[in-house]
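Since the structure of chain A is provided, determine the placement of chain B on it from the hints.
2 protein chains.
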Amino acid sequence: MLLRMSTLLLRTLREEPAEAEVPSHRLLLRAGYIRRAAPGGYTWLPLGKLVLDRVAAVVRAEMEAIGAQEVSFPALLPREPYETTNRWTDYGDDIFTLKDRRGADYLLAPTHEEMFTLLVQDMTSSYRDFPLLLFQIQTKYRDEARPRAGLLRGREFLMKDAYSFSLTDDALAATYAEVRRAYQRTFARLGLEHTIVSAVSGAMGGSASEEFLAASEVGEDTFVGCTSCSYAANTEAVITPAPVPVSRELEHLSVHDTPDTPTIASLVDLANARALDGRADWTAADTLKNVVVTVHRPGAEDELLVIGVPGDREVDMKRLDAALAPATATLFDDFAARPDLVKGYIGPQGIKVRYLADPRVAPGTAWLTGANEPGRHAINVVAGRDFTVDGTIEAAEVRAGDQCPACDGGSLTIRRGIEIAHIFQLGRRYTEAFQVDVLGVDGKPVRPTMGSYGIGVSRAVAAIAEQHHDERGLLWPDEVAPADVHIVAAGKDGQIEAALSLGAALREAGVRVLVDDRPNVSPGVKFTDAELIGIPRSVVVGRRLADGFAEFRDRRTGAREEVPITDIPRVITSALG
Amino acid sequence: MLLRMSTLLLRTLREEPAEAEVPSHRLLLRAGYIRRAAPGGYTWLPLGKLVLDRVAAVVRAEMEAIGAQEVSFPALLPREPYETTNRWTDYGDDIFTLKDRRGADYLLAPTHEEMFTLLVQDMTSSYRDFPLLLFQIQTKYRDEARPRAGLLRGREFLMKDAYSFSLTDDALAATYAEVRRAYQRTFARLGLEHTIVSAVSGAMGGSASEEFLAASEVGEDTFVGCTSCSYAANTEAVITPAPVPVSRELEHLSVHDTPDTPTIASLVDLANARALDGRADWTAADTLKNVVVTVHRPGAEDELLVIGVPGDREVDMKRLDAALAPATATLFDDFAARPDLVKGYIGPQGIKVRYLADPRVAPGTAWLTGANEPGRHAINVVAGRDFTVDGTIEAAEVRAGDQCPACDGGSLTIRRGIEIAHIFQLGRRYTEAFQVDVLGVDGKPVRPTMGSYGIGVSRAVAAIAEQHHDERGLLWPDEVAPADVHIVAAGKDGQIEAALSLGAALREAGVRVLVDDRPNVSPGVKFTDAELIGIPRSVVVGRRLADGFAEFRDRRTGAREEVPITDIPRVITSALG
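Protein chains in written order, with the numbering used here: chain A, 5 to 581; chain B, 5 to 581.
So here's chain A without its partners, still in its complex pose (with noise of 0.2 Å):
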């Protein structure tokens, strides 16, 4: 491969992009990979296309390695697979749907599980033609609600998705360890800093799943390490630990004047001040907040939901949606409509209301709470006695240096990443929903357990440059980057055909060159140009081309090396390897 930036299109960007809010967006822009097609659409230009074509030969690569066949299914589909496991209605408003000509209803597919269960029921029959290890590198579709940050959150994007279907709980989980070790080796290939954490399996359903989370401080998701074992979790995945029970003796529940104290803050303050139950040590994490919500079931009617937790903590929105998965939640606000609901004094005392707590408000447990009247608090309200919960939720705050729930001692970190993965042991729902039997070793019927299995290959192009960049410009990794050497033709006393000339002798050596030859531009400017283009190394032909020197620049460390030109073509050969 020779390109020249002479005809290339390619056209770099002075100022920052105003659409552009993270650096992988912004550089990816500015150097000229992508553009903006439509909200959350992205056009791969000629640079960009090498850089996704490289990823998804990577990401081909290694499924191949584990035996995984790849197929390819229309994105379009029909509306009765997804309608037969429900995903037609929990998946609302995520996904595209449409009508055809005659009014039949379609989807852009988010993902195929359905059709590759149907697959797999047309073309097996007995126990001989399984494991299968499925994928495809396919364009998906989403409607998300805020498309953003570029290529991260996009709704229409490129990802690699697998799927395989075994006949034992233990055949189902080898594959999917294989699988997670070939997802290992993609990583590391890819360049791409990543962390295995516990996720939670959503719209998907299915009994486990893990993501792998790239860090960075752009990402959408939190996640959460152990300070001493080697827990790991999306922040949506985090169980809290049970506390531990009190035994002391509790007093009998009674309601005091409050007035005026409509915050946890202020509620405490007047406690302490007061010396309510003859304390004066209240804190937050003494307080039960209830937190009314309206819960938002695709394809039901709205409802009402109280959330419980220790005044200390928020309820964290994408915790509890995670929690509800697929319904969805926002605060409810309207306590005009519901005289019992006294905003700022509600207790679950009597509640008429569904109502979930964190594990925490375990039962035995005592909390100074609303009286369910204006300007009234109770305190003495234990958990399992003067209240009843309808079940527990996981929807606080975590935090950081929070107890680890798996092992003793430990607490827990927090921080950022890219969901660049996510994996899944979906077990037999959908085999399930299609009644997929085939003929066992015994001569009765199996139905076979499946995993699913996404990589986001245009997204993980995004995370390689969160990854890999500086203040200067992108630096991608030799396994991806669009072209192994970027010679720049600094002059025009025939560095541009001595750049054309080495650029030809390279690629008769298999490198990938791309050269700028470009005949109207400054040298600095191709040096800015070059390093925000990212190749890993380039070589200037400059002024010592009259000495028969031309100029060796590893991007990455910044190191420069003056080599007769004649040598560079062995000098790029063993730093490829």
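No incorrect hints appear here.
Looking from chain A toward chain B, a few residues come up when the C-beta cut is under 8 Å (computed):
1. LEU12
2. LEU13
3. ARG105
4. ARG159
For the record, the hints were derived by calculation from the structure and aren't laboratory data.
In this text the structure is predicted, and so the values were computed from the model without any measurement.
Glycine included, C-beta positions come from ideal geometry on N, C-alpha and C.
Frame of chain A; chain B shown alone:
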């Protein structure tokens, strides 16, 4: 590459699939290359994906060889650009449209002229940036009224679409010629025998266009060739040669009772029986048939139109649609609502509906036609004297033996073909719509002129299958076969192990291998499957393995040869050239 049939997702079908009408569809289903996933939407199974990728690779390589640059656009696009060029309306029901969660209009793009034009507007500014030739290989959507014949006419399909931008008409013509030659090389490599014919531009717009039609009896297009010159055209685009002017004196129009002559045949019989005008040599060609159609123009009211053609020809509805595009027409039959149109007795004299006639109905020609009264016809109805036409239209059927419009004395032959490519000199329709101007050499703004060039990549797979099969199965050209060699393990006395080890050795030599290592399948079934799958050459490891021999088979010629198994790699690599 080494694929093992014992694990490959492949199930060949013995029976003819009920859904398939044409050989390519039947064989691609039976041999396990594709499966239907939706109306007009197909899944590529592992072998099919390999063929599709190989076809795409040839298309890509030939585009890159002429300096075309690959990009990739979203398929889901906002309405506005397509509104600007009127295509949102012109395509009518032929495109899939949808709304996002906010109610904004989107379409699944059928082609991308608008987006490429906007991209070039964004990324260029001066004559130095031109010419530009860009392409993508991308999934396209059309809401076909009648998806049929598997991959030949689907609603979701893979296309290579390319767009050129030039500053002068000559430069456009040169690029057009270069792409045309690249397409000829592409189809030669793909083994597609084809004819390049003049075509109609349709909703795309533009001045000149040609189609590449792969000869096939199941093709939807018919095209003509000339027996004595190089003229070739899609039947839709055939121009009727102007008739030789008649110099004889013309009689006055006279009306005659012609009871019970609603058809041309009955009219001619009666005219001869009664010796109308003193003649008994009336033929259908002397009569003028007037066909009433309803014209459906996207975004407008339906309107009536009468088409006049010589009575020995039918109106060809495809030619009519091509002439009216983007409008379409259907036969009108509600004569009760229009008493002025006397069914079976319509004449153009005094007609109150828009009237377009075949070019043969030239000024000065005289006709036997309806008198606009039940049971009456008129003779000596002279065009230009007794009636005037609102225009001419190319809607009469084209017949083998018709006079060639391009030379003297040649006559037309008719064949069927599959449209595998269409190339257009679009001109400035799109750059005008978006007001694209760049700085010219002389400092003045220049408006670029465009070409657009499409290859149906998935359709090409089907076209290859149509041209390369026999009664036993498919027979792929080397360049696109899913593997180079198919090794059949015919026996259980070490044949499977020997076949696999031969396969491994061939893979090391860079040969792409499919091994039939299925342990529970008889040699007969394996041979049948091998012929169905259609890999160009196979090696049978059978009974003579004990003597160190295998059989080399050529699928195309049927030749078989016993070869020492140690010689097989040499035989294969020499066969592969």
